[in-house]
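Asker: Position chain B against the provided structure of chain A, taking the given hints into account.
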Amino acid sequence: MTRRIARLSLVGTMLGLASMACGQSAPPMGANLEGVWKIAAPTTVLKPIAGAVPFTAEWRKAYEANKTLRAQRKFDDYDITLSRCSNPGVPRLALTPMRFKIWNRQGVVTFDYEWNRALRQINVGVPPQPDLMGQGLVPTMTGKSKGHWEGDTLVSVMQGGSDRTLIDDLVPHGYDLKVTERYRLVDANTLEDRITVEDPAFFKQPWTSVVTYKRQPDAIFAEDVCLDRIAAKQPAFSK
Amino acid sequence: MTTRIPFSVTPIAALMLAVTPALVQAQQGPPGPPPAGGQMQLPPGASGGPPPGAPTGPVLTDAQKIVADLPPPGPGLIPPRPPLPADAVMPTADPRDLQGTWVNNQPLQFRSQRDMYGALAPYTMAGAKVLSRRVMSLKAGKPFINASAICRPPGPQWQRDLNFPFSIIQDKDHVEVLFEEYHGRWYISLDPQGVPLPMQKQYMGRSIGHWDGGTLVVETTDFRQAIWLDVDGTPLSANGKLIQRMRKVSDVGRVPFLEVVTTIVDPTYYTAPWTIVRTFGWAPHQAVFAEYNCEEQVGDPSVSADAGLVPEPRD
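Protein chains in written order, with my numbering: chain A, 1 to 239; chain B, 1 to 315.
The following block holds chain B by itself, in its conformation from the complex:
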């Protein structure tokens, strides 16, 4: 069932593949008038701005205003990666077979403060305060300790977002995702009765999935501790939930990519569920992972065990 596409995919083509809703999300700036500089040609007599009576932009809540006033997240980059060889094995045509090696094909998003439609996330005041505290700690040069810094599993969203490859392995009753970084393992049971998940709480949470057509829907709950959804510290409480909808997107003549639409449900930090999207390029040539061995540095008695980070105040 294996197919091969008879053309090579250059890095530029790989970047073009990233022109998806997710990239649109990343490129969307704050709402407001178009930038000055004469780029927009208006007809004679016309003035800029919305016409009279047109609905204005969304009204920000007090919590959203706190986040909107924060320094913007740093620009994400795509690290250099070898191009997909011309003779690379392609994913199977079976939409329910997500197996293979994938890698985030968008610039890393340091802070996921907008949803996939460009709207600011619906922070509660508690959520805005936590995010603000973390962002300002970065600005002050005294970032807080997080799971990543102390070599603990950082949670599925952070883990997927990194620009490092992961491999999906499927059985009919469970899915295992092996990540290059953090010794990451994301286990998804498709049959919790037949393939039980561990009883104790995990840093990566408890993930149960089912197929909805060609989309694997995974609900992740029961986190051992609150997690950071991204590098800047977008929060998810230990009682929060991630609903991931994973599907393989196949356009004729193009290399399929993996799309993961994640809905964040967490009344502690958000007034309503909100959704982000990421895409991942096909990368069978990166199936041999670089070794990740953070314990060697973290445990080195000659260096700071917390990588110079400071403990975060408790709420």
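One chain only, chain A, in its complex shape:
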């Protein structure tokens, strides 16, 4: 297993060189995030690094209402990820319990999730394209993430997300959600995502959480189909 990880790191370094050759917002050496990762301490809660989530008074009520709905198992009334397998969005995807891969290719950092084959991308170098199909007019679960490199850290700012997602398994937000993430390698096998959440209507001030991941052996993921679990009366997120 160790040998496999070492080989992956070497391949990753080579791929990093290839990216630099393409001249596409390549990360500096040593900051190659590519590989297979898994959350280090599985949780469904995005916990602030200090204090509690600073809800505004109005939206604390919405949070409490979500807790009541959860107790009543009325999942579709507040969490369509649990009830329908809808994409959890950003930042909740950061909490998925299964593995994910990171690819940094063609000016795009792609998060390739094992859970339901979900996808999330951070654009670090693809020029804006004409929106011929009008797709940009509709808020999406993962919004639009624009990224850049600050030294060894990938900084992503996500906006334009749908209000139909949650921050974690309970915390609501609105269309004005802005999620700033700072991804960096703590060491060769540990990835950190420092997440700052802003939404003035919902939170009195920005708040920050940190999620860490451990590198996993390279693998071909099994085809995970969340709707098959729902059809089998199993939870959307398998353990």
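Be careful, since some hints might not be right.
[Claimed, not checked] Derived lysine-lysine pairs resembling DSS-like cross-links, with alpha carbons at most 30 Å apart:
| id | chain 1 | residue 1 | chain 2 | residue 2 |
| --- | --- | --- | --- | --- |
| 1 | B | LYS142 | A | LYS233 |
| 2 | A | LYS101 | A | LYS204 |
| 3 | A | LYS101 | B | LYS65 |
| 4 | A | LYS38 | A | LYS146 |
| 5 | B | LYS172 | B | LYS65 |
| 6 | A | LYS233 | B | LYS172 |
| 7 | B | LYS129 | B | LYS139 |
| 8 | A | LYS144 | A | LYS47 |
| 9 | A | LYS38 | A | LYS178 |
| 10 | A | LYS214 | B | LYS241 |
| 11 | A | LYS233 | A | LYS204 |
| 12 | A | LYS74 | A | LYS214 |
| 13 | A | LYS61 | A | LYS214 |
| 14 | B | LYS65 | B | LYS139 |
| 15 | A | LYS38 | B | LYS241 |
| 16 | A | LYS74 | A | LYS146 |
| 17 | B | LYS172 | A | LYS101 |
| 18 | B | LYS129 | A | LYS214 |
| 19 | B | LYS172 | A | LYS38 |
| 20 | A | LYS101 | B | LYS129 |
Because the hints were derived from the structure by calculation, they are not lab data. These numbers come from a predicted model, not from an experiment.
Answerer: Just chain B, lined up with the frame of chain A:
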């Protein structure tokens, strides 16, 4: 190793690039005499039609006659796509490096009933009946439920055929294809011992590949269930096999394109293997995918879970 081509590629040029065997396949009509209307000039004294003694066209089997009598497939379109920027990064010159983002550059083929040479597919009677049943269900306005309708992986052929981009990512021992639509993932192991494929059957099948010169040959088998090869329902049984030959075609001075020649092997529905071809344009500017989230609609309790489709009768 990256090269840039110093000219822009307009949509028209992109369409010209699609003039390939695959497009020829799409444009071929049914065999028979040339259309009336005086377009063909014959020499004085000559009559139309084949000369005496010339071999006649292929004789259709009873199964093929069933398919030939079906309403023709709908005309496919190419959805609007942004043109390739003049300064776009080009694919590497390495023929064994297929990495990058590609998109089908031909009109969507709703029904692949002819092979790449224009011959009608060699249906068994069972294959003709299944296809006929599906086409007639469309005509009746009561189409059958398929994987696409219920937000399940529709199989590699359907997935590739859609006019939406996909990205190929390679390692030395496996290839991963990420599709914009259906959360599509197509994993190809080049070393099944070193990089094992999942043990359980997958909707997308089990794909093992190897390089044949500059062509990646991929055999896909072991499907979790029978799949539709296209929107009209050209069938492939769960025991069927797809053999895909993928290569990058590079003409000097032109943007390379990806060619995928697919041989369909399925004795349940076809009397012999038959082969279709598709081409895919280079699209690095479409590497940021639009989000696909069919679960939100499929699971909505206020709408029909099966999108108004009806269950297909079992054979």
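Asker: For a C-alpha distance cap of 30 Å, please report whether LYS172 of chain B and LYS101 of chain A respect it.
Answerer: Holds - the C-alpha atoms of LYS101 of chain A and LYS172 of chain B are around 16 Å apart, at most 30 Å.
Asker: Does LYS139 of chain B sit within 30 Å of LYS65 of chain B, going by the straight-line distance between their CA atoms?
Answerer: holds (18 Å)
Asker: Under the criterion that the straight-line Cα-Cα distance not exceed 30 Å, is the pair LYS129 of chain B, LYS139 of chain B satisfied?
Answerer: holds (15 Å)
Asker: With the threshold set at 30 Å, check whether the alpha-carbon distance from LYS74 of chain A to LYS214 of chain A stays at or below it.
Answerer: Between LYS74 of chain A and LYS214 of chain A the Cα gap is close to 34 Å, so the pair fails against 30 Å, i.e. violated.
Asker: Holds or violated: are the alpha carbons of LYS74 of chain A and LYS146 of chain A at most 30 Å from each other?
Answerer: violated (35 Å)
Asker: Verify the proposed pairing of LYS214 of chain A with LYS241 of chain B, using a straight-line Cα cut of 30 Å.
Answerer: violated (38 Å)
Asker: Given the hinted pair LYS38 of chain A and LYS146 of chain A, is their Cα-Cα distance within 30 Å?
Answerer: Within the cut-off at roughly 23 Å; holds.
Asker: Can you confirm whether the C-alpha distance between LYS129 of chain B and LYS214 of chain A stays at or below 30 Å?
Answerer: With a Cα-Cα distance of about 52 Å, the restraint between LYS129 of chain B and LYS214 of chain A is violated, given a limit of 30 Å.
Asker: Between LYS172 of chain B and LYS38 of chain A, is the straight-line Cα distance small enough, at 30 Å or below?
Answerer: This hinted pair holds, its Cα atoms lying about 23 Å apart.
Asker: Given the proposed pairing of LYS144 of chain A with LYS47 of chain A, does the C-alpha separation stay at or below 30 Å?
Answerer: holds (24 Å)
Asker: Holds or violated: are the alpha carbons of LYS142 of chain B and LYS233 of chain A at most 30 Å from each other?
Answerer: Between LYS142 of chain B and LYS233 of chain A the Cα gap is close to 29 Å, so the pair holds against 30 Å.
Asker: What's the verdict on LYS233 of chain A and LYS204 of chain A, does the C-alpha distance respect the 30 Å limit or exceed it?
Answerer: Violated - the C-alpha atoms of LYS204 of chain A and LYS233 of chain A are around 39 Å apart, more than 30 Å.
Consistency note: the structure conflicts with the earlier hints numbered 2, 3, 5, 6, 10, 11, 12, 13, 15, 16, 18, 20.
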